[in-house]
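Chains as they are written, first to last, in the numbering used here: chain B, 78 to 299; chain S, 7 to 424.
Since the hints were derived computationally from the structure, they do not count as laboratory data.
Each residue gets a CB set at the ideal place from its N, CA and C atoms; glycine is no exception.
Heads up, a few of these hints could be off.
So, partial list: chain B residues that the calculated Cβ filter (under 7 Å) puts toward chain S [as the list claims (entries may be wrong)]:
1) Leu177
2) Arg188
3) Glu191
SDA-like, lysine to any residue: derived pairs with alpha carbons at most 20 Å apart [stated by the list, open to error]:
4) S:Lys8 x B:Thr176
5) B:Lys162 x S:Val398
6) B:Lys138 x S:Arg415
7) S:Lys321 x B:Asn267
8) S:Lys8 x B:Asn267
9) B:Lys163 x B:Gly93
10) S:Lys321 x B:Phe192
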Amino acid sequence: MNIIELENVWKIYSMGEVEVHALKGLSLKVKPGEFLAIMGPSGSGKSTAMNMIGCLDIPTKGRMLHEGQDIAALNEKELVKIRGKKIGFVFQSHNLYPTLNAIENVQLPMRIHEFGEAEIWDKSEELLGLVGLSGRARHYPSQMSGGQSQRVAIARALSTNPLLLLADEPTGNLDTEAGKEVLDIFSQLNSRGVTVVMITHDEKTAARANRIVRMIDGTIAS
Amino acid sequence: MKLLDIFLLSLSHVKKSRMRSWLTIVGVIIGVASVVAIISIGQGMQENVQQRLGGFGADIITVIPGYFRATGVHSEMHTDRSVSTSSSINLSDRDYRVIKQVPGVLYVNGLVSGKADLKYDNEKTVVSVTGVDTSVWRLMDTTGLDEGRYLQAGDSNSIVVGYNLAHGTFLQPITLNRPITIGGKNFRVVGILKQSGGFGGGSDTGIYMPSEIARDVITEKVSNNQFTSIVIKASDATLVEYLKADIEQKLMSSRQVNPRTKDFTVIASALIREQMSSVTQTLSFFLSAIAAVSLLVGAIGIANTMFMSVMERTKQIGLLKAMGAGEHEIMKLFLIESGIFGLVGGIIGVIFGATISLLIPYLGIQALGFGGDMRATITTGTIFFALGFSVVIGILSGIIPARHAARMRPVDALRYDQ
Ligand SMILES: Nc1ncnc2c1ncn2[C@@H]1O[C@H](COP(=O)(O)OP(=O)(O)OP(=O)(O)O)[C@@H](O)[C@H]1O
Ligand SMILES: [Mg+2]
Chain B
78 MNIIELENVW KIYSMGEVEV HALKGLSLKV KPGEFLAIMG PSGSGKSTAM NMIGCLDIPT
138 KGRMLHEGQD IAALNEKELV KIRGKKIGFV FQSHNLYPTL NAIENVQLPM RIHEFGEAEI
198 WDKSEELLGL VGLSGRARHY PSQMSGGQSQ RVAIARALST NPLLLLADEP TGNLDTEAGK
258 EVLDIFSQLN SRGVTVVMIT HDEKTAARAN RIVRMIDGTI AS
Chain S
7 MKLLDIFLLS LSHVKKSRMR SWLTIVGVII GVASVVAIIS IGQGMQENVQ QRLGGFGADI
67 ITVIPGYFRA TGVHSEMHTD RSVSTSSSIN LSDRDYRVIK QVPGVLYVNG LVSGKADLKY
127 DNEKTVVSVT GVDTSVWRLM DTTGLDEGRY LQAGDSNSIV VGYNLAHGTF LQPITLNRPI
187 TIGGKNFRVV GILKQSGGFG GGSDTGIYMP SEIARDVITE KVSNNQFTSI VIKASDATLV
247 EYLKADIEQK LMSSRQVNPR TKDFTVIASA LIREQMSSVT QTLSFFLSAI AAVSLLVGAI
307 GIANTMFMSV MERTKQIGLL KAMGAGEHEI MKLFLIESGI FGLVGGIIGV IFGATISLLI
367 PYLGIQALGF GGDMRATITT GTIFFALGFS VVIGILSGII PARHAARMRP VDALRYDQ
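Put together the whole structure using the sequences plus the hints.
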């Protein structure tokens, strides 16, 4: 079974008289264990598609299946559950919770899902180690560089053991060196079986994925 | 999410924007402090009035010569002094008998009051002397004896002394059996009254003796069949209002006066007390309303701060939702935060308010201008009411912003400020 299946998905925003078609009949399948890169020009609907994949948004038309389950049929509570337990998000910027330090940020999803205190601490320390930031555990987001923040965000996205990691331009704000570190982590995770979907503008970044999907004007360019 | 974790997350916000949090809390502090202070002052005022007027007894009616055209509390307050000196008219035997015949009257006591020179232990002073009917005085006195006995029939050189006169006037306190010279006549102290705390000195600074004797010692001239005032005890306190009107009616016809030429005044202290109570009650009600307005301003301050932080944190709300936080959790996050503002503001406000209340007596403000200092009474009830109220207000003013935050759709929230 595909982990994600978009079937002829439309997303239409109506802004008064004008209608914006962000997605126009997008169909896409993501298999478990895949490392997929989504590319495309600005405004082509990449972020909209990713929000759909992450169950943050519901299609205007068409179907979006998560592990075969149509998300339009789920209520907010069930969507919250899927988002929290199965999916990890890394956004382009402003990823971290500014009033919490690095390790508290990593712990936040586990606290939301009421993990045991021992597990919360073991796991958060392990994950900070994985992204190479054990020494920064007590640093606040404002005290860290963009690359460090991004790595904390990845550690946080992994804390609830998601099957699917979604990253919207995770290296967009980073220099080549920091970007490479982040991509190394993704590859490593993917080799452990985590499905990764990553949006990027950059060909070199996309080349790290197993498969590249190109979007133009709300649908897949063939 | 566990409540403790939500609480800690709320706390991290409060701590991060410290300045704004404190300013919000200051708004609550001002509101709560003024509510506490005003309620305490109001209660103190109430007790003050009760205590000062309490000495008269609920079933006592007093008739004095002279009439005040002005009605209302104020004119009735300054009784003896202004009247008996300004008017030479006294009440007579006949008035006494008329009153005695009014149904519902239990005892009647004709008083002869005035000033007299007093000599005690080589000290001299002027005191107010009240001559009483020894047969009924003991039955009507509301102050009570501290030591000794009341006057009795046959007493001619015996006196009973007020508490403050006995204990605070002379170098050597007056004790039982002490000889005292009043108006050139020698007396022996047979009793000392309890402290009444009544207004205007009341029984505390006075001397009591049989009325026949008092006529001789006081400097004022009161002839044999006259009284300076007549005190009546009703058979039942609930009759007082009716009895007052009845006595007024009967005296008017026997003295052949009409309401315009009326030359006496009937006072029921219970009625005055009721009036005073309702005056102070209304006063503290209005003051409380003003205080409540400042609490409302504090609440608006909280709501404003909460709205601002919801706006600022739109992105974080999106993040929390993407991490799997539900509406309830977001809601609680903000409600706890506004509750913290209410609680902290409430605690500090209560401390401030209590301090202000405690300082009131030292400011020496006169309560309603009838003697005695203003004081405040702080009860635990007031404190818990203020605390509970401020927490509730904190939470209530957080509800709308919190709901606003909780209902945000994650996509919209995440898109904000990108
Ligand atoms: N909430 C919204 N209301 C109205 N229009 C929207 C909304 N969200 C997205 N759009 C529109 O949908 C289209 C696709 O937006 P989207 O963010 O998916 O593009 P993108 O491919 O991620 O672009 P970029 O590479 O610049 O991030 C754009 O034209 C955008 O203006
Ligand atoms: Mg985008």
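Original post:
Against which earlier hints does the structure fall short, listed by number upward?
Top reply: 5, 7, 8, 9 and 10
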